[in-house]
Amino acid sequence: MEQGLFILALFGTSVAAGGLGALLGLGGGILLVPILTIFYGVNLRYAMGASIISVIATSSGAAAAYLRSGLSNIRIGLFLALATVSGAITGAALVGVVPENVLELILGLALAYSAAVTLRQINVEVPENPTAHPLARRFDLAGSYHDARLDRDVTYQAVRVRRGLGAMFGAGLLSGLLGIGSGAFKVLAMDYFMRLPMKVSTATSNFMIGITATASAAIYFRRGDIHPLVVTPVAVGVLLGAYLGTRLMAGMRNTTVRKLFLPVLFYLAISMVLRGLSIRWP
Amino acid sequence: MRVEALVARVLFWGGLTAVTLMVVGVVMFAIHTAAGGEVLNVQRVIENRAEGRSTAVFVSVGDIVRGLTHRPVDPLAVAALGVVVLLLTPVGGVVVAIVSFWMAGDRRYTVIASVVLAGLILSFVLGGAG
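First to last, the sequence lines map onto chains A and B.
Using our numbering, read the first sequence as starting at 261 and increasing by one per residue.
Using our numbering, read the second sequence as starting at 2 and increasing by one per residue.
Derived from the structure by calculation, the hints contain no laboratory data.
C-beta atoms are modelled at their ideal positions from N, C-alpha and C, and glycine is treated no differently.
Check the hints yourself; a few may be wrong.
[What the hints assert, rightly or not] Computed footprint of chain A on chain B; a stretch qualifies when at least three of its residues, placed anywhere within it, have a C-beta under 8 Å from a C-beta of chain A:
hint, stretch
1, 69-83
2, 105-114
[Stated by the list, open to error] Here are the simulated distance ranges between beta carbons:
hint, chain 1, residue 1, chain 2, residue 2, range
3, B, R109, A, R423, 18 to 24 Å
4, B, R72, A, R328, 40 to 46 Å
5, A, D413, B, R109, 24 to 30 Å
6, B, S61, A, F299, 29 to 35 Å
7, A, D411, B, S61, 27 to 33 Å
8, A, D411, B, V126, 46 to 52 Å
I would like the entire structure built from these sequences, with the hints used as guidance.
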C-alpha cells in the first residue's frame, strides 16, 4: 500500500476504535490488535506496541475530561492501580512463558463470562444502596456524581473490595501479557464486584488504564516494538475518536451504556476464542 | 485546586504535547519523502519486524537524542520523542497526585500513590534490563 494512504487508513480505523473505546471504558487496544494484524498485515509486535501507546493516549484525553467532570474517582483509581500495576509487571515478566494462544483463549472465555454477567443486570440503572465494605470505609472508596440524565446526585460506595482487587490484578496481568489496556476487566471489577455505578466504573477505568498501560508500554518500548509510523496515526486517531465518544457519553443512561457494551463484549469474546484456537476470523 | 483538576491538567497537556510531537515527526517524514528523500516501503517494514527495527524504531532516549542532534534532524526521532513524552504523562499525573495528597495532609493516599509510582519506575527499570 502507498505510504500516505496507509497512514490515512490507519488513522480512520483508529478514530472509530477510539470512539467506541471511550464509550465503553475500553482503551480500544483490544479492538486494534486484531484489526491491525488481520486487515493491515501489521506485524503482531508492532500492532501490540501501537495498541498500548494508543491506550495511553486515550486514557490521557478521556481521563482528563472525566476527572474534571467528577465522574472519575481518583482515590478508587489509585487504590485499585496498586493491583493493576503489580499485575502488569507480573504479566510482562511472564511473557514468553505462557503460550499466546492459551492466553487468548482464556481471555475470550473470561469476556464471555463478563458478558453473561452484564446481561443479567442490564436494567439496573444505579446500584441499590449496599452496605460499604470495611476496606471501603478505611480507604474512603466512595463518592458522588451528578447524573445529567437522571437529573440528580448519585452517591455510591464500594463493596467486595478484595474481589475487586483480585480482578484488577488479573486485568493488569492481561495488559502486560497482551499489550492491551484491559479496560473491560477494570469495568467488570468496579461495576460487578464492587457495585459502583457504571458511569463511575467506566470513567475511573479510563484513568487507571493509562497508568497500567504505561507499566506495560515501557517494556514494549525497550523491546523495540514501538514503530513511530504505525503508532502515530493509530494514537492520534484513537485520541480524536475518544474525544468524540466522551462527548456522547455524558448524555446517555447507564443502561444504554451497558446495552452498547454487550455486543462488543460478545464480539471480543468470540474473536479471542477463535484466535486462541487458531481459527482465522472473519 | 482539587487534585482531580491538577491531574486532569497534567494528563491533558502531556497528551497534547506528545501527540503534537508525534504528528510533527510523521508530517516531517512525509515532506522529506515527497521532497525526494528515501521512500519507505511501508508494507515491507511493518510486516517484517527485523526490517522495521533498522529503519525507524528507537529503543532508548539516547537513540532519540542522537536522531534529534543529527543534521538533518531525523523526523522519526521527533515522533519517538513524542512517544516518550506520552509514557511520562501518566507518571507525571501520579507525581502530581502524590504532591496534592501530601499537601492536603492525606497521608494514606500519599503512600498509596507513591507505591503506584514505585511500580511504574520498576517497570521502566525492568524494561531497560530486557
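Taking the hints in turn, this is what the structure says about them:
1. Counting residues of the stretch 69-83 of chain B whose beta carbon lies closer than 8 Å to any beta carbon of chain A gives 4, which meets the minimum of three for the stated coverage.
2. Against chain A, the stretch 105-114 of chain B contributes 4 residues with a C-beta closer than 8 Å to a partner C-beta. That satisfies the three-residue criterion, and the hint holds.
3. In this structure the supplied range 18 to 24 Å holds for R109 of chain B paired with R423 of chain A, their Cβ-Cβ distance being about 21 Å.
4. For R72 of chain B and R328 of chain A, the hinted distance range of 40 to 46 Å is satisfied, since their beta carbons lie about 42 Å from each other.
5. Against the hinted window of 24 to 30 Å, the Cβ-Cβ separation of D413 of chain A and R109 of chain B comes to about 25 Å, which satisfies the hint.
6. In this structure, S61 of chain B and F299 of chain A meet the distance hint of 29 to 35 Å, their C-beta atoms being roughly 32 Å apart.
7. For D411 of chain A and S61 of chain B, the Cβ-Cβ distance of about 53 Å falls outside the hinted range of 27 to 33 Å, so the restraint is violated.
8. For the pair D411 of chain A and V126 of chain B, the beta carbons lie near 49 Å from each other, so the given range of 46 to 52 Å is met.
The structure shown violates just one earlier hint, number 7.
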